[in-house]
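S.K.: Could you slot chain B onto chain A? The hints should help.
Chains A and B, in that order, are what the protein sequence lines are.
Residues in the first sequence are numbered from 1 upward in steps of one, following my numbering.
Residues in the second sequence are numbered from 1 upward in steps of one, following my numbering.
Rather than coming from a laboratory, the hints here were simulated on the basis of the structure.
Computed from a prediction, not measured in an experiment: that's the story for all the values here.
Note that beta-carbon positions come from the ideal geometry of N, C-alpha and C, so glycine has one too.
Treat the hints with care, since some could be wrong.
As the list claims (entries may be wrong) - Just so you have them, the derived chain B footprint on chain A, three or more residues with Cβ under 8 Å:
no. : region
1   : 251-257
2   : 365-372
3   : 420-434
Unchecked claim - Cut-off 20 Å, straight-line C-alpha distance, at most; resulting in silico cross-link-like pairs (PhoX-like, lysine-lysine):
no. : chain 1 : residue 1 : chain 2 : residue 2
4   : A       : 254       : B       : 322
5   : A       : 242       : A       : 256
6   : A       : 368       : A       : 472
7   : A       : 163       : B       : 345
8   : A       : 246       : B       : 161
9   : A       : 242       : B       : 345
10  : A       : 28        : B       : 345
11  : A       : 256       : B       : 322
12  : B       : 162       : B       : 147
13  : B       : 322       : A       : 242
14  : A       : 389       : B       : 345
15  : A       : 246       : B       : 322
Claimed, not checked - A few chain A residues that don't get close to chain B, going by computed Cβ distances all over 12 Å:
no. : residue
16  : 181
17  : 182
18  : 352
19  : 600
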Amino acid sequence: MSATNDFVIKFANVNGSGSASANELFAKAILRMGVPVSPRNIFPSNIQGLPTWYEVRVSAAGHLGRRGGVDLMVAMNPQTFEADVREIEAGGYLFFDSTKPLPPGVRSDIEIIGMPLTMLCVKHYDDPRQRQLLKNVLYLGGLSMLLGIEPEVVETLLSEQYKGKPQLAQPNIDAFRLGRAWAKDNLKYPLKFAVQRADNVGDRIFIDGNSAAGLGCVYGGATVCAWYPITPSTSVAEAFEKYCHKFRVDADGKRKFAIVQAEDEIASIGMVVGAGWNGARAFTATSGPGVSLMTEFLGLAYFAEIPATIVNVQRGGPSTGMPTRTQQADVLSCAWASHGDTQHVLLFPEDPHESFGFAADALDLADKLQTPVFLMLDLDIGMNQRLCKPFQWDAERTHQRGKVLDAEALESGVPFGRYRDVDGDGIAYRTYPGTHPVRGAYFTRGTTKDADARYSERGPDYLENVHRLKRKFETAKSLVPQPIVERAHRPTSIGVLYFGSTSPSMHEAAQRLAAEGLALDLMRIRAYPFPDSVRDFVLAHEQVFLVEQNRDAQLRTLLIHAFDLDPARITAVLHYDGTPITARFIAGAIRQRLAAVRQEVAA
Amino acid sequence: MTYIAKPKLHHPSLTRNRVGFTRRDYEGKISTLCAGCGHDSISAAIVQACWELDIEPHRVAKLSGIGCSSKTPDYFLGQSHGFNTVHGRMPSVLTGAYLANRDLLYLGVSGDGDSASIGIGQFVHAMRRGVDMTYIVENNGVYGLTKGQFSATADQGSKSKKGVENTDSPVDLVSLALQLGASFVARSFSGDKAQLVPLIKAAMKHRGAAFIDVISPCVAFNNHGGSTKSYDYVREHNDAVNRLDIIEGRAAIEVVQPDDGVIDVEQHDGSVIRLRKLEADYDPRDRLEAMNFIAHHAAKGEVVTGLLFVDADARDFHTHLKTAPTPLNQLDTAALCPGVAALEKVNAGLR
Chain A
1 MSATNDFVIK FANVNGSGSA SANELFAKAI LRMGVPVSPR NIFPSNIQGL
51 PTWYEVRVSA AGHLGRRGGV DLMVAMNPQT FEADVREIEA GGYLFFDSTK
101 PLPPGVRSDI EIIGMPLTML CVKHYDDPRQ RQLLKNVLYL GGLSMLLGIE
151 PEVVETLLSE QYKGKPQLAQ PNIDAFRLGR AWAKDNLKYP LKFAVQRADN
201 VGDRIFIDGN SAAGLGCVYG GATVCAWYPI TPSTSVAEAF EKYCHKFRVD
251 ADGKRKFAIV QAEDEIASIG MVVGAGWNGA RAFTATSGPG VSLMTEFLGL
301 AYFAEIPATI VNVQRGGPST GMPTRTQQAD VLSCAWASHG DTQHVLLFPE
351 DPHESFGFAA DALDLADKLQ TPVFLMLDLD IGMNQRLCKP FQWDAERTHQ
401 RGKVLDAEAL ESGVPFGRYR DVDGDGIAYR TYPGTHPVRG AYFTRGTTKD
451 ADARYSERGP DYLENVHRLK RKFETAKSLV PQPIVERAHR PTSIGVLYFG
501 STSPSMHEAA QRLAAEGLAL DLMRIRAYPF PDSVRDFVLA HEQVFLVEQN
551 RDAQLRTLLI HAFDLDPARI TAVLHYDGTP ITARFIAGAI RQRLAAVRQE
601 VAA
Chain B
1 MTYIAKPKLH HPSLTRNRVG FTRRDYEGKI STLCAGCGHD SISAAIVQAC
51 WELDIEPHRV AKLSGIGCSS KTPDYFLGQS HGFNTVHGRM PSVLTGAYLA
101 NRDLLYLGVS GDGDSASIGI GQFVHAMRRG VDMTYIVENN GVYGLTKGQF
151 SATADQGSKS KKGVENTDSP VDLVSLALQL GASFVARSFS GDKAQLVPLI
201 KAAMKHRGAA FIDVISPCVA FNNHGGSTKS YDYVREHNDA VNRLDIIEGR
251 AAIEVVQPDD GVIDVEQHDG SVIRLRKLEA DYDPRDRLEA MNFIAHHAAK
301 GEVVTGLLFV DADARDFHTH LKTAPTPLNQ LDTAALCPGV AALEKVNAGL
351 R
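Next up, chain A with everything else stripped away, as it sits in the complex (with noise of 0.2 Å):
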């Protein structure tokens, strides 16, 4: 076991010890030198004091899902040291701070390194904020040492990070080589694992889904945002807040945006959709439990069609806890969210690149269909750094508004009704309130109304307008992202059907696969409705497996029952203990059933 390049290395840290910043410094040193990282950070919900991880892959060929396995645990927590030791390989590594002993009796099949991290802070440091801040920096000077990362890196990386703040920067740089001078002076190396320049990066960028997805809110033309503190969301709303400062403020520091942060989820929405009523493009970012908040309104907004995006950054279900774990199992929930027949539109992106898209395309098809949008993110791309293509914005692309009637087209005499289906396609027009004098005005309302909006309880007017709302989310297909298929490299008659963040897991399990015999077709599904190609994906294949990231395979029922299949068709791979789903995983799944149909076949 000795790889270049190709390792997994965790940080086990107290939470609000400041080793954030020196681990997220660590990963972004190693990308530098142009090999792909993907780090993860596994948190608690706490500010002080509970353990939290940050678990960094490093990987020439690129593979981003989380691998599974530490080939080197730099183990800061004692709360928490026997079982981080127990998780590292057969042959790996263990970093340790040696102010005091190891404890007796730790593996024997692993190589232990001590550096005394505390001992070096205590003598050089006087100030015990500082000895506790600089001793990530101390460990980080050292594991540079020992990997072969660049110093000149790590160093231009702490004076971009305490840019404008010199007396923060070279004490940080002075402290990282002072730990890799003791390194070099007192420890064996290079390791099994050493991280070596390549140029496996190019004009990838870094950031976080929910970074991207606030951004894309600033490219795609929201000007209202409403929230409520909720993880793994909150930064959508904050993120939202720092672009628009940098980019949606007047010279006389007049704003074109307003972001509230509301009393609860239920006024979010409502702001939301008072605001889409209006005219304005609005969204808020929430989680499951807000979405349940949410639902009465989201009926509302779908009945009485008006333009709403969510971001919904999904995560383990109540309470506090798991809520700081990754999921896909709100699914359903959005998909049905509400009383009555409603449906909704559902985009998943893979990771930051296609959140900031999907961000934009979601205010678009809100406004194109007057209805809720839901932007369905993870805590594993919203809140993990993540190396993805550059963002991209065609130069030419203006923000669609949909079917509004103006001043102009009134004034014309366009005959307006409001839920008048004048072109077949589902989608009524609308007009903003305030627009002319004498016409265009309408009473905005739940279910009972006819096609102009009167006020009726009759049966007839009733179906008219579901059967249309039906017609529109059938016009939804063609307007949605559509799903990615790739090939295998010949003809198989087993296809694997995934979304989301599962994205780089699903990629290295399928190379996996083909590399022992197995040849998959992949399909990646990127919104609900399910366009006619994914039936038609399902129906070309005699055997279908179906990624999810929750227990009860919910995207499986939602498709089992957009197209009326038969369940039997499509077997569900499931992962859902809160930790992001990995190759192995996938891949051990498959093996396992496919496996088992041949039992059944020789049997």
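M.R.: Using the frame of chain A, we list chain B on its own:
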């Protein structure tokens, strides 16, 4: 909410206001509320106020929640966009609409169940933020559409039609609004149009959160002896602190002496609210005094009405947010999208 539209014919002698509309142009569909319902009088007062203020009907957006009171926006301002939202959540929808377009006038109509029970949270926060709106609660102390259950504004000890006594203490939305920082707070009675119309006009001229609690008897479920929201009870216990006139900025304002029972409050648009004192010591520019006065009189079973508090220098939510003068819903791609070159810079910073 009715199947019947009113005939469009106007009598030629109907007076037109400065923007060319007759009072009929501010009406809506025919009401489906019970004959004698206080809410219909409030709708009529809104029609009168908007006509007198020369507001173009389409410049008003009217929003409501759910309940009898929330049905009424269909019965006035038929040429305004209206939105019958969800129960208790009108304030958030109104807030969003107001954020989208700062150039319209926002009129929220709600009931005591809508605003004091299910929606009290939204009521509270809309007042706190200073959303520029006129917020009218048509307060009858009961749930009408579900046939007469007590609401949270029902007085302790008041009796339902079936003779059941209410044991919970009441929510007083006026006191609450004062405490929350609303910059215009009034109470009136649906049976007193002479008081109500000027109050609505003043509220619509006010910049900031303007709240009017209008006691509006429910003839079907809460107009009996033992009720404290009946026509008879409110008439007997109505204690008006002032009467007011709205003097438009363009009219010459007659100078008055400070001690002759009149208080002038100048509004941001130059118009003046002229208050004629009925309570000699009452000054509606003093928030703490207003809270104190109302509490003392409530303890004696009196319903204090009139303009109870006004802060003419109030700043509204858009001012706090530093929003651009052009309404947000009118900004186009060029104004909102930072463009390709800026994105390249963002990309470069992420490597």
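S.K.: State the violated hints by number, sorted upward, taking the hints as numbered earlier in the document.
M.R.: Hints 2, 8 and 18 not satisfied by this model.
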